[in-house]
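Trainee: Here are the chains, one letter per residue:
Protein chains: 2
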Amino acid sequence: MANTAKIGIIGAGSSQFSAGIVRDLCIAKGLEGSHVCFMDVDKGRLDRIHALAEKITGELGAKLTFRKTTRLEDAIRGMDFVLNTAQVGGHSWTEAQRDMGERHGYYRGLHVAQIGQMLFFLEVAKLIEAVAPNAWLIQSANPVFEGCTLMTRETKTRVIGLCHGHYGYREIADVLGLPCSEVTANMIGFNHWIWMTEFRHKGLNAYPLIDEWIRTRAEQYWDTHRPTFGDNQMSRGAVEQYQLYGLFPIGDTPRFAAWWQNDSLESKKKYFGHLGGFDSEIGWKQYLDVMADHVKEIEKVVDNPSTRAMDIFKPEQSDEQIVPIIDSMLNDKPAVYQVNIPNCGGIIKGFPEDLVIECRGVVNGGGVCGIMEPALPERIISGVMIPRWAEAESVIYAAKHCTHETFLAYVMQDRRTRSREQAEGFLTEWLTDIRNEYVRKNIK
Amino acid sequence: MANTAKIGIIGAGSSQFSAGIVRDLCIAKGLEGSHVCFMDVDKGRLDRIHALAEKITGELGAKLTFRKTTRLEDAIRGMDFVLNTAQVGGHSWTEAQRDMGERHGYYRGLHVAQIGQMLFFLEVAKLIEAVAPNAWLIQSANPVFEGCTLMTRETKTRVIGLCHGHYGYREIADVLGLPCSEVTANMIGFNHWIWMTEFRHKGLNAYPLIDEWIRTRAEQYWDTHRPTFGDNQMSRGAVEQYQLYGLFPIGDTPRFAAWWQNDSLESKKKYFGHLGGFDSEIGWKQYLDVMADHVKEIEKVVDNPSTRAMDIFKPEQSDEQIVPIIDSMLNDKPAVYQVNIPNCGGIIKGFPEDLVIECRGVVNGGGVCGIMEPALPERIISGVMIPRWAEAESVIYAAKHCTHETFLAYVMQDRRTRSREQAEGFLTEWLTDIRNEYVRKNIK
Chain V
1 MANTAKIGII
11 GAGSSQFSAG
21 IVRDLCIAKG
31 LEGSHVCFMD
41 VDKGRLDRIH
51 ALAEKITGEL
61 GAKLTFRKTT
71 RLEDAIRGMD
81 FVLNTAQVGG
91 HSWTEAQRDM
101 GERHGYYRGL
111 HVAQIGQMLF
121 FLEVAKLIEA
131 VAPNAWLIQS
141 ANPVFEGCTL
151 MTRETKTRVI
161 GLCHGHYGYR
171 EIADVLGLPC
181 SEVTANMIGF
191 NHWIWMTEFR
201 HKGLNAYPLI
211 DEWIRTRAEQ
221 YWDTHRPTFG
231 DNQMSRGAVE
241 QYQLYGLFPI
251 GDTPRFAAWW
261 QNDSLESKKK
271 YFGHLGGFDS
281 EIGWKQYLDV
291 MADHVKEIEK
301 VVDNPSTRAM
311 DIFKPEQSDE
321 QIVPIIDSML
331 NDKPAVYQVN
341 IPNCGGIIKG
351 FPEDLVIECR
361 GVVNGGGVCG
371 IMEPALPERI
381 ISGVMIPRWA
391 EAESVIYAAK
401 HCTHETFLAY
411 VMQDRRTRSR
421 EQAEGFLTEW
431 LTDIRNEYVR
441 KNIK
Chain D
1001 MANTAKIGII
1011 GAGSSQFSAG
1021 IVRDLCIAKG
1031 LEGSHVCFMD
1041 VDKGRLDRIH
1051 ALAEKITGEL
1061 GAKLTFRKTT
1071 RLEDAIRGMD
1081 FVLNTAQVGG
1091 HSWTEAQRDM
1101 GERHGYYRGL
1111 HVAQIGQMLF
1121 FLEVAKLIEA
1131 VAPNAWLIQS
1141 ANPVFEGCTL
1151 MTRETKTRVI
1161 GLCHGHYGYR
1171 EIADVLGLPC
1181 SEVTANMIGF
1191 NHWIWMTEFR
1201 HKGLNAYPLI
1211 DEWIRTRAEQ
1221 YWDTHRPTFG
1231 DNQMSRGAVE
1241 QYQLYGLFPI
1251 GDTPRFAAWW
1261 QNDSLESKKK
1271 YFGHLGGFDS
1281 EIGWKQYLDV
1291 MADHVKEIEK
1301 VVDNPSTRAM
1311 DIFKPEQSDE
1321 QIVPIIDSML
1331 NDKPAVYQVN
1341 IPNCGGIIKG
1351 FPEDLVIECR
1361 GVVNGGGVCG
1371 IMEPALPERI
1381 ISGVMIPRWA
1391 EAESVIYAAK
1401 HCTHETFLAY
1411 VMQDRRTRSR
1421 EQAEGFLTEW
1431 LTDIRNEYVR
1441 KNIK
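Sequence order for the protein chains is V and D. 1 is the number of the first residue of the first sequence in the working numbering; add one for each residue after it. 1001 is the number of the first residue of the second sequence in the working numbering; add one for each residue after it.
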């Protein structure tokens, strides 16, 4: 009989992750006999995801068992794997914080809003340390980079951060007209800040094909292509970042790597197309609509006994690495994944070993080992990696020490801050907002 | 007989350094019999400093010999010590670059202007490598931090960077009413970015005395004290930096460590007193006037045979560490100095070993060894050290690779840059200016 696992999913009602993960769990042969505990503070969403899981399992005859809880500790105690996909306060509080930022002169909001997330991550990691010390924490909720670093430094909990951004190289292949199956790529950096160090087509360096596309076809593409909100990979913005820093930014990276591409809707449209990319007020609205549709799809399947779940959620493993990684660990099946793990041994030279980086890693029954890579070019290190690290350390420190001064020091570093008064104005409103109780109770 | 040295001084006509150094050289018993070669591209200033040296030597009966040259190599070949105090293009080009920056929206100019300096440093260090490989380079001209790091990484030349900013702790003692002789302090960081880790009065921690002064006497001091241009040590700005980051900023540090204290003359006046501190248009004008007075003093002594040099330049060793360090090396007299040297062994943990830091070091006949210090507080590391390092690496990379893209990537990081067009506008004017020939000829 295969090994079985106890898996806790925090924020199981997550509109972005939950249905796909449930389907991946149900179809994973290696997880037969395992037990999954769903946890969410939103009881309605929790009930639905639990019902969906039961329905899919029933249709497939999968040997999984489920339970549900609104208590965090129930989803952690004694677990082998804990998956954290939770967004503290949900999308509504995220959007409210964004509006608050905009009222104080921060277009599309401030990253300081991530502090609540990071404090919750720490609560989870500490609870794992206490009641499930052998568990692996799989971190999908953002901010993966800063959050995983904070947990790594402050607890003994073993963390793997996961994201799908690295698949962006497939979009490059697609736009270049190369079959994905013939293309491979390596990218490394920090989560949402990864740079493609190798890009091969049939084993040969394919960067020259990108250069040729830029020279001969890019302008026409930008003129005629109508990108969807998430379609930033071959944007004018990404290409400009490549030209300035020397490696192609992958996945979510182009969304963030150049401030001047993002300082207004006008800039965003210039660099990311007519919707202004993922993070504009237009693109983000579409993303939220898609998330709401996901929830509706789940409702449809759950509320309608005659609808087969499998007709909506095809029984195929998704691109999501979460379940395959659990399978690799549980059944000691070595495989290479794109992971966010501590920079042990200096996989990215020049950064602390307790900083969580994104790189390739081999996962097996013993855990995860990062794959050493050639040193990143100096141009990437000085141009983008060190500045991004500087920003990260400031918010990590703010979340760790959680005082008004540390929050202020962080916000003062935001290049959009024009005065101390502006920063204080935002912080005062943010910290006194009734919905920010979670941060407030952590303040020292 | 004591050892003797051959010393080359580049930029010997420097209004800030030259007279004081000449006097220090002449009175140093340990340097008897040594030979000094003055080099400057400004022949008038060169002649005057040479004449001053001859005059002081004559009055003192000092056993030093001098020569002068306008050729760089003459001041380097075969030397034991090379002192670089030169400012490429002099104050006039520095001021012209500042005006140019202001026309493009950069109040008080852009640090990119330092690139010309750094390229010249590299030329000097490479020449030392070629024609005086055993020489020590003593670097007084700015930017010491970035420039010494660049030379350390790109050449084998041994460099010590020197500054007087660390004496700022004496101003703290003075304002607190403590005799300087009873006070000791340690400060560490990067040049012009040093933080006081220890402050003792009669051997006891005297930080509480600073805290008490802030509580009870600071407001009155700021209301009534009329600071001179260089008098930033106990400014409202320095105290605010201390409160935000937890250690007192020393010397030149308060001038730079908080952007919001420096974004307008109004801010500068609020934080640094009625002149707006050293770097305001008012304070800097006074500094330039003082420098011009230095030149006039030298002229007065040199042009007037009846004036005794010693009446103007008292025969007492100044605070400048340059000559004592040469003496320590030449005659193997171990002593502790405040130096800028590579971060070997990780004196400041978490930064590269080839980054030049400012710390205490023991100098003797074997060279210089940094003194290990307790780790800097996380608050300083994340709040100010990493962000400053990020800035430094970007300008070091720009100077090293010297392409339009690297200059642009650097200027885009300046928080005052509002658009790519603004950065390009400045760069185009700067790079095409006839006075910027030195940078232009280095562009790759």
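Derived from the structure by calculation, the hints contain no laboratory data. Hints may be right or wrong, so weigh each one.
Straight line, CA to CA, 30 angstroms or less: simulated BS3-like cross-link-like pairs of lysine-lysine [unchecked claim]:
id, chain 1, residue 1, chain 2, residue 2
1, V, Lys-349, D, Lys-1043
2, D, Lys-1126, V, Lys-156
3, V, Lys-349, D, Lys-1400
4, D, Lys-1126, V, Lys-349
Predicted model only: the values in this text are computed from it and were never measured.
Trainee: If you draw a straight line from the CA of Lys-1126 of chain D to the CA of Lys-349 of chain V, is it 30 angstroms or shorter?
Mentor: Distance of about 27 angstroms is within 30 angstroms: holds.
Trainee: Given the hinted pair Lys-1126 of chain D and Lys-156 of chain V, is their alpha-carbon gap at most 30 angstroms?
Mentor: violated (49 angstroms)
Trainee: Take the C-alpha atoms of Lys-349 of chain V and Lys-1400 of chain D, compute the straight-line distance between them, and say whether it is at most 30 angstroms.
Mentor: Holds, at about 20 angstroms.
Trainee: When you check the alpha-carbon spacing of Lys-349 of chain V and Lys-1043 of chain D, does it fall within 30 angstroms?
Mentor: Cα-Cα ~48 angstroms, so violated.
The structure fails hints 1, 2 (numbered hints given earlier, in ascending order).
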